[in-house]
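Participant: What follows is each chain in one-letter form.
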Amino acid sequence: MSDKNITCECGHINPYGTEICEVCGKPLQGDSESNKLLNMRYEGSARRSQTYKTTIIDKIWNFFSSVKVGIWIIVLLLVASAVGTIFPQEMYIPPLSDPTVYYEEQYGILGQLYFDLGFHNLYGSWWYMLLIAALGLSLIVASLDRFVPLYRALKKQRVVRHESFMKRQKYFGITELVNNKAELSTVKEVLQKKRYNVKEEDGHLFAEKNRFSRWGPYVNHIGLILFLIGGMLRFFPGMYVDEVLWLREGETEKIKGTEEAYYLQSDGFILETYDNNDAKFKDAIEASGQEAVAKNYQTDAVLYKQVGERIAGTDPELEKIKEHPIQVNKPLKFDGYAIYQVDYKLNELQSMTFTMDNKETDKPVGELTVNLYNPEKEYELNDGYRVEVMDYFPDFEFNDKGEPTTKSKVPNNPAFILNMISPEHPDGEVAFVAIKQNLEPLGENDYKMSFQNVDTKNVSGLVVRKDNTLWILAIGGAIFMIGVIQGMYWNHRRIWVLRKDNEIWLACHTNKNWYGLKRELESVTDQTGLHMPLDQSEQK
Amino acid sequence: MAQLSSNLLYIAFFIYFAASIVFAISLFGKKWRKSDEATHSKKWGMWGFILSTVGFLFQLSYFITRWIAAGHAPVSNLFEFTTFFGMAMVFAFLIIYLIYKSNVIGLFAMPVAIIVIAYASVFPSEIQPLIPALQSNWLKIHVTTAALGEGILSISFAAGLVYLVRTVNQEKASKSTFWLEVVMYTLISTVAFVILSLGFEAAGYSSTYQFVDQNEQQVTVEYTLPALTGPTDGTYVSGNEFGPLVEAPAWMKGEKAAHKLNTLIWSIVGGLALYGLIRLILRKRIGAAIQPALKNVNEELVDEIQYRAVAIGFPVFTLGALIFAMIWAQAAWTRFWGWDPKEVWALVTFLFYAAYLHLRLSRGWQGEKSAWLAVVGFVIIMLNLVVVNLVISGLHSYA
Numbered sequence: 001m002s003d004k005n006i007t008c009e010c011g012h013i014n015p016y017g018t019e020i021c022e023v024c025g026k027p028l029q030g031d032s033e034s035n036k037l038l039n040m041r042y043e044g045s046a047r048r049s050q051t052y053k054t055t056i057i058d059k060i061w062n063f064f065s066s067v068k069v070g071i072w073i074i075v076l077l078l079v080a081s082a083v084g085t086i087f088p089q090e091m092y093i094p095p096l097s098d099p100t101v102y103y104e105e106q107y108g109i110l111g112q113l114y115f116d117l118g119f120h121n122l123y124g125s126w127w128y129m130l131l132i133a134a135l136g137l138s139l140i141v142a143s144l145d146r147f148v149p150l151y152r153a154l155k156k157q158r159v160v161r162h163e164s165f166m167k168r169q170k171y172f173g174i175t176e177l178v179n180n181k182a183e184l185s186t187v188k189e190v191l192q193k194k195r196y197n198v199k200e201e202d203g204h205l206f207a208e209k210n211r212f213s214r215w216g217p218y219v220n221h222i223g224l225i226l227f228l229i230g231g232m233l234r235f236f237p238g239m240y241v242d243e244v245l246w247l248r249e250g251e252t253e254k255i256k257g258t259e260e261a262y263y264l265q266s267d268g269f270i271l272e273t274y275d276n277n278d279a280k281f282k283d284a285i286e287a288s289g290q291e292a293v294a295k296n297y298q299t300d301a302v303l304y305k306q307v308g309e310r311i312a313g314t315d316p317e318l319e320k321i322k323e324h325p326i327q328v329n330k331p332l333k334f335d336g337y338a339i340y341q342v343d344y345k346l347n348e349l350q351s352m353t354f355t356m357d358n359k360e361t362d363k364p365v366g367e368l369t370v371n372l373y374n375p376e377k378e379y380e381l382n383d384g385y386r387v388e389v390m391d392y393f394p395d396f397e398f399n400d401k402g403e404p405t406t407k408s409k410v411p412n413n414p415a416f417i418l419n420m421i422s423p424e425h426p427d428g429e430v431a432f433v434a435i436k437q438n439l440e441p442l443g444e445n446d447y448k449m450s451f452q453n454v455d456t457k458n459v460s461g462l463v464v465r466k467d468n469t470l471w472i473l474a475i476g477g478a479i480f481m482i483g484v485i486q487g488m489y490w491n492h493r494r495i496w497v498l499r500k501d502n503e504i505w506l507a508c509h510t511n512k513n514w515y516g517l518k519r520e521l522e523s524v525t526d527q528t529g530l531h532m533p534l535d536q537s538e539q540k
Numbered sequence: 001m002a003q004l005s006s007n008l009l010y011i012a013f014f015i016y017f018a019a020s021i022v023f024a025i026s027l028f029g030k031k032w033r034k035s036d037e038a039t040h041s042k043k044w045g046m047w048g049f050i051l052s053t054v055g056f057l058f059q060l061s062y063f064i065t066r067w068i069a070a071g072h073a074p075v076s077n078l079f080e081f082t083t084f085f086g087m088a089m090v091f092a093f094l095i096i097y098l099i100y101k102s103n104v105i106g107l108f109a110m111p112v113a114i115i116v117i118a119y120a121s122v123f124p125s126e127i128q129p130l131i132p133a134l135q136s137n138w139l140k141i142h143v144t145t146a147a148l149g150e151g152i153l154s155i156s157f158a159a160g161l162v163y164l165v166r167t168v169n170q171e172k173a174s175k176s177t178f179w180l181e182v183v184m185y186t187l188i189s190t191v192a193f194v195i196l197s198l199g200f201e202a203a204g205y206s207s208t209y210q211f212v213d214q215n216e217q218q219v220t221v222e223y224t225l226p227a228l229t230g231p232t233d234g235t236y237v238s239g240n241e242f243g244p245l246v247e248a249p250a251w252m253k254g255e256k257a258a259h260k261l262n263t264l265i266w267s268i269v270g271g272l273a274l275y276g277l278i279r280l281i282l283r284k285r286i287g288a289a290i291q292p293a294l295k296n297v298n299e300e301l302v303d304e305i306q307y308r309a310v311a312i313g314f315p316v317f318t319l320g321a322l323i324f325a326m327i328w329a330q331a332a333w334t335r336f337w338g339w340d341p342k343e344v345w346a347l348v349t350f351l352f353y354a355a356y357l358h359l360r361l362s363r364g365w366q367g368e369k370s371a372w373l374a375v376v377g378f379v380i381i382m383l384n385l386v387v388v389n390l391v392i393s394g395l396h397s398y399a
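As given, the protein sequences belong to chains A and B, one line each in that order. If you count the first sequence from 1, position 169 lands on 169 in UniProt numbering, and the numbers rise without skipping. If you count the second sequence from 1, position 377 lands on 377 in UniProt numbering, and the numbers rise without skipping.
Worth flagging that the hints you see were computed from the coordinates, not collected in a lab. Certain hints may be false.
Said to hold, decoys possible - What the simulated footprint calls covered on chain A by chain B, stretch by stretch (three residues with Cβ under 8 Å from a Cβ of chain B suffice, anywhere in the stretch; the number is not a length):
(1) 70-84
(2) 171-178
(3) 277-286
(4) 324-332
(5) 479-490
Claimed, not checked - Pairs of lysine to aspartate or glutamate residues, derived as DMTMM-like cross-links and limited to a Cα-Cα distance of at most 25 Å, are as follows:
(6) A:170 <-> B:368
(7) B:342 <-> A:267
(8) A:282 <-> B:368
(9) B:101 <-> A:520
(10) A:345 <-> A:267
(11) A:167 <-> B:201
(12) B:175 <-> B:36
(13) B:369 <-> A:535
(14) B:140 <-> A:380
(15) A:170 <-> B:201
(16) B:295 <-> A:522
Note that the structure is a prediction, hence the values are computed from the model and not measured. Glycine included, every Cβ here is placed at the ideal spot set by N, Cα and C.
Construct the complete structure from the given sequences, taking the supplied hints into account.
Facilitator: Here it is, written out as structure tokens:
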């Protein structure tokens with residue numbers, strides 16, 4: 001396209017599509033005699049989107065480079081996000097409830113509609129993802145489309161600007177000189193005091209400050225793009241681990257998700273509550289109607305690392321790494337992993353102790369303790385007495401057919417079918433034993449099982465996390481903040497002072513905060529005796 | 001200490017009130033001025049600023065003494081957060097005043113801050129113990145920064161409102177005059193709601209009803225405003241024997257839906273009554289009544305302030321409500337982002353002001369359009385404060 005380049009009368013060769021000469025500012029398009037204000041947006045530089053409009057690629061580029069399209073994407077995301085909060089998302093409904101009926105049950109017709117439209121999983125839906133992808137694309141294309149030509153134009157700009165460029169600025173004014181020279185140096189001094197970077201050429205001045213603020217938007221867009229990339233990285237294997245770990249007091253478990261095989265031991269779970277009579281909080285606790293307010297959830301954990309390869313069938317050799325009380329807000333961190341305190345169960349059943357009694361004498365013939373997580377097949381008692389575990393239901397209930405079954409593997413309501421073997425009954429007598437239940441399904445027995453006691457433990461609900469995307473998100477966030485502050489807390493301002501015979505021409509430009517520039521200009525003209533330029537956009 | 005603290009808040013509240021009146025005098029009181037207009041407005045504006053500063057210092061003392069009394073930063077429940085938000089607004093106003101010396105912003109910003117603080121008084125103000133999730137240094141960092149950002153953004157609302165009252169043509173009814181009155185009405189109905197709540201509370205009003213909820217659970221609900229709408233098949237248990245007049249529609253099944261509907265109806269009706277009364281006295285639109293006092297206001301300056309507040313507030317808000325929030329969420333809830341309603345609404349606020357900035361800086365939406373956007377932005381902030389905490393339940397429902 002080089003043949004289409006535009007050569008300005010100042011001799012500079014501008015890329016095709018340039019509206020205002022990059023060097024001298026002469027308007028290259030439209031009527032050169034026009035008095036209409038120049039469109040100074042992006043310095044009238046040749047933006048790809050404004051120049052090439054024919055091929056499909058051009059059209060896609062132009063679509064995503066449009067700020068209007070970008071704003072629409074933002075607004076659509078905004079509305080969609082808000083809609084997703086009307087009713088709880090699927091991940092926040094009670095764990096065991098069925099979403100197909102939950103929404104209708106809880107929220108009526110609207111809830112049903114919400115579910116049918118898929119809004120219960122809105123943030124994971126394909127169209128929400130597509131919107132975010134569109135936002136990312138828009139960020140990249142719109143930034144590139146503007147940044148490159150703008151950078152060129154600002155880098156190449158010269159001190160002296162074309163007359164018609166000056167005249168067609170929003171603020172432009174002419175001051176007749178009475179005596180000369182002295183005034184320009186005052187102007188220069190005043191501008192320098194206002195921290196302008198002033199350049200002089202042939203008695204003309206060009207003052208500029210805070211150009212870096214122009215890069216703010218592009219910097220913050222880079223931050224956002226990095227952030228979005230970070231969000232995507234999560235879906236790559238190995239970047240992200242999220243596991244639930246239930247750990248009983250006193251036990252050591254392999255930590256799920258850690259390939260190098262770490263082990264965690266719980267030395268106890270602690271639940272502390274605030275003293276209901278605490279003078280400071282008494283009123284609030286009473287008013288809340290709660291019986292107690294939690295103060296601390298804590299798992300006293302010991303972290304171990306496996307040494308060497310584990311030989312099948314043997315216990316691993318463990319090396320203690322550290323002890324750490326895991327509390328809410330204070331996860332245990334190691335090797336890129338973090339273990340969080342998220343849940344607990346108090347007094348979970350661990351084992352039950354029974355005696356086998358002779359009904360006639362009411363005397364026990366032996367005692368057995370059943371580990372509810374791992375019952376043995378058979379318990380040997382003394383003198384030829386034995387108890388066989390024929391069946392075990394950790395979370396017992398009767399199913400639809402009236403048969404005993406178990407709801408889960410957690411011993412919330414343990415029940416056993418036991419075979420009691422005694423010298424009198426070498427084939428055994430069958431008993432069904434559950435909490436507060438003792439049935440004899442196959443007829444009257446001579447022996448019975450008597451419940452003695454239970455052993456309970458507290459269980460910690462922990463979450464194991466690894467998120468290798470955090471660093472890129474942090475960098476993205478930091479760059480975004482830098483860019484936003486750079487762009488918002490400073491303003492790029494330029495003032496051109498041109499000496500023409502007996503006159504001083506003054507024009508200025510900023511891309512935002514015109515009011516601030518106007519006030520600065522008032523101060524400059526006050527101190528130098530120049531006329532305050534007029535706002536030409538207000539004159540008809 | 002707790003008593004001292006709440007007294008300091010009362011004092012701050014009344015000083016803010018006085019400051020608003022002084023700002024009003026600086027604009028309205030030109031008829032009986034002794035000095036010329038500029039001196040008059042400068043003098044009274046100065047006093048308005050001084051009073052606002054003194055009020056702010058009192059509220060700051062409230063904040064510090066309450067911190068000492070509680071042993072943690074008093075930003076942990078709705079009462080504390082909302083009062084802090086009001087304080088952040090005053091602080092933001094003071095800064096903006098130092099830059100622009102605009103009395104008219106004071107006339108609008110201070111009453112809005114007063115309404116916000118008054119609204120806070122409706123929530124239980126006892127010092128609460130911190131649940132484990134809140135025990136973190138990020139509590140003070142995240143919440144104060146987020147509130148400060150919202151406070152600065154609210155100044156943009158105040159300035160936008162000034163702009164609209166100043167420029168909207170009041171000679172004939174239009175969409176603009178209608179929506180401007182809606183904004184006025186909303187502010188007034190908040191006042192009405194506060195008056196009703198505190199009034200009935202002072203009178204010791206309470207009635208309790210029992211009903212079976214959608215989970216087949218027997219639930220009791222306490223009304224502190226007379227029950228207009230009751231739960232489906234609810235029965236009276238104890239307290240004042242009034243109502244409910246009607247049952248809430250059956251499709252409203254959410255948690256405590258009937259009770260929330262009742263509160264909403266009271267706010268709307270109370271607001272209508274108060275608004276009607278004001279209209280009856282003024283005999284014209286509220287906007288039209290205030291407009292003459294603003295005729296000397298420089299609309300370009302007000303537009304600038306409105307934009308500057310967003311320019312300053314947006315980065316602060318992003319830092320506090322998104323970035324600090326994510327850092328804390330990663331420590332407390334195991335993940336930096338979880339689509340909790342409060343998180344989502346912080347994102348919505350962020351997206352909204354991002355759109356605002358693009359519209360203004362790239363599409364040239366200045367003046368009236370931009371002012372309306374500032375109003376909508378404030379509505380979003382208030383939605384996030386009120387609706388998300390009280391209507392939508394989520395992890396942030398601490399009150």
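Participant: Compare the structure with each hint and give your call.
Facilitator: Structure-based check of all given hints:
| no. | hint | verdict |
| --- | --- | --- |
| 1 | 70-84 | holds (count 9) |
| 2 | 171-178 | violated (count 0) |
| 3 | 277-286 | holds (count 6) |
| 4 | 324-332 | holds (count 5) |
| 5 | 479-490 | holds (count 6) |
| 6 | A:170 <-> B:368 | holds, 21 Å |
| 7 | B:342 <-> A:267 | violated, 36 Å |
| 8 | A:282 <-> B:368 | violated, 51 Å |
| 9 | B:101 <-> A:520 | holds, 16 Å |
| 10 | A:345 <-> A:267 | holds, 15 Å |
| 11 | A:167 <-> B:201 | violated, 68 Å |
| 12 | B:175 <-> B:36 | violated, 37 Å |
| 13 | B:369 <-> A:535 | holds, 21 Å |
| 14 | B:140 <-> A:380 | violated, 62 Å |
| 15 | A:170 <-> B:201 | violated, 59 Å |
| 16 | B:295 <-> A:522 | holds, 24 Å |
Hint check: violations occur at hints 2, 7, 8, 11, 12, 14, 15; the rest are consistent with the structure.
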